[in-house]
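Construct all of the structure, not just a fragment, from the sequences and the given hints.
Chains A and B, in that order, give the protein sequences.
If you want this note's numbering, it's the position in the first sequence, counting the first as 1, plus 1.
If you want this note's numbering, it's the position in the second sequence, counting the first as 1, plus 364.
The set of hints was computed from the structure by calculation and includes no laboratory data.
Do not take every clue at face value.
Stated by the list, open to error - Derived list of chain B stretches under chain A, where covered just means 3 residues or more per stretch with a C-beta under 8 Å from a C-beta of chain A:
hint: 1; stretch: 412-419
hint: 2; stretch: 443-451
hint: 3; stretch: 481-494
In this text, a Cβ means the ideal position worked out from N, Cα and C, and glycines have one as well.
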Amino acid sequence: MSLLAYVLRLADGNLVLAQRLGEWVGHAPALEEDLGLANIALDHLGRARYLLDYAGRLEGRGRDEDALAFQRSEAEFSNYRMAEQPNGDFAHTIVRQVLMDALHLELFERLQHGSDACLAGIAAKAVKESRYHFRYSAGWLMRLGNGTPESRRRTECALGAMWPLTREFFDADHVDEDMHRAGIAPALAVVQAAWSERIGAALAQAKLPVPAAPIYSWYGKRGEHSEHLGRLLTELQSMYRAHDGTSW
Amino acid sequence: MTARAWRILAGVMDPEMPMLSVLDLGMVRSVLRVGEGVRVNLSPTYSGCAAARVIRRDVECALRAAGYEPVEVVETLSPPWSSDWITARGRRRLSDHGIAPPPRHGADPVACPRCASVRTEMIAEFGSTPCKALYRCSDCREPFDRFKCL
Chain A
2 MSLLAYVLRL
12 ADGNLVLAQR
22 LGEWVGHAPA
32 LEEDLGLANI
42 ALDHLGRARY
52 LLDYAGRLEG
62 RGRDEDALAF
72 QRSEAEFSNY
82 RMAEQPNGDF
92 AHTIVRQVLM
102 DALHLELFER
112 LQHGSDACLA
122 GIAAKAVKES
132 RYHFRYSAGW
142 LMRLGNGTPE
152 SRRRTECALG
162 AMWPLTREFF
172 DADHVDEDMH
182 RAGIAPALAV
192 VQAAWSERIG
202 AALAQAKLPV
212 PAAPIYSWYG
222 KRGEHSEHLG
232 RLLTELQSMY
242 RAHDGTSW
Chain B
365 MTARAWRILA
375 GVMDPEMPML
385 SVLDLGMVRS
395 VLRVGEGVRV
405 NLSPTYSGCA
415 AARVIRRDVE
425 CALRAAGYEP
435 VEVVETLSPP
445 WSSDWITARG
455 RRRLSDHGIA
465 PPPRHGADPV
475 ACPRCASVRT
485 EMIAEFGSTP
495 CKALYRCSDC
505 REPFDRFKCL
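Next comes the structure, spelled out in structure tokens:
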């Protein structure tokens with residue numbers, strides 16, 4: 002069912018990103034960034050919880066947010082591949098974040114006016130937070146791009162790694178088309194145009210070139226993941242799986 | 365009919381900022397009597413608020429302790445909570461406790477909660493909790509938290 006698949010894509014992306022950002026706690030380059038990344042992670046986790054809760058109700062098999070987060074295996078996760086990429090250095094994390102923040106911002110801006118009341122409600126909350134997140138990540142992109150030769154080198158390297166993973170954001174499949182036809186989600190072409198403009202402006206401010214359009218795509222949203230997701234899920238799920246049936 | 369329940373809710377405090385009640389925060393949308401019980405409709409603040417679950421539980425406990433049964437607490441996401449919903453009393457309590465209240469959607473100058481100077485600057489967009497940013501006063505030189513506009 003397309004709505005369930007769509008909600009899970011959004012939920013999983015936020016859950017995986019929250020987990021990745023959480024890995025920075027205690028390790029960020031400065032205290033303010035430790036707080037910033039942790040706060041952004043909490044927002045992603047909060048959305049993931051609302052979305053997983055909705056997905057569980059749509060599925061109708063009695064699975065709640067915990068069951069969905071902790072008991073599914075890699076192939077059942079539908080986050081974008083970008084979300085599961087390792088944090089790498091700060092530049093990699095910031096580039097990953099800015100590309101996804103711009104996507105979430107443009108998507109939620111339009112989802113909040115869509116015909117699914119629950120998604121619209123979640124999107125109306127999330128879009129306000131995404132504005133803060135984008136300000137943070139785009140601000141850092143600008144500093145890193147315009148900083149030292151080292152920060153610039155690392156940011157260009159990060160862009161090279163992350164840019165090819167943006168293609169699946171906008172390659173519409175039958176789930177995206179069903180959601181658009183039902184008036185729930187915007188047309189991906191519209192989101193792409195807005196995203197490209199926003200990211201183009203951010204890169205220009207950072208004095209970074211826009212990378213070439215990716216010629217190949219990987220589809221995390223269809224459960225085709227890199228080797229990184231398995232390790233991430235092992236860490237995320239091990240506690241819950243070790244105490245099967247326990248409630249917190 | 366529900367006045368007593370509202371009075372009880374005025375005593376349910378935010379666990380992180382215990383000078384603010386859920387009413388001060390503008391989180392309570394409605395209170396309905398349902399037979400011998402009550403249904404409370406809450407608006408969660410930030411998606412990432414770690415206190416949200418605790419607040420819901422505290423609301424349930426406070427009402428049960430007062431004899432209401434059953435107690436149902438529901439969360440409504442739409443329309444989304446806005447910092448504009450913080451009451452005037454809530455804003456004063458924030459200020460009195462050293463946290464600059466959020467601007468109403470417009471450009472309120474940020475006044476230092478200690479010395480009231482408006483010569484203040486933001487240090488970091490993210491502070492000790494997802495709802496706060498970190499500022500510093502250029503006059504008394506003290507840092508302070510500011511509740512963010514949402």
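Taking the hints in turn, this is what the structure says about them:
1. 412-419: With 4 residues closer than 8 Å to chain A, the stretch 412-419 of chain B meets the three-residue bar; holds.
2. 443-451: Result for this restraint: holds, n = 3.
3. 481-494: holds (count 8)
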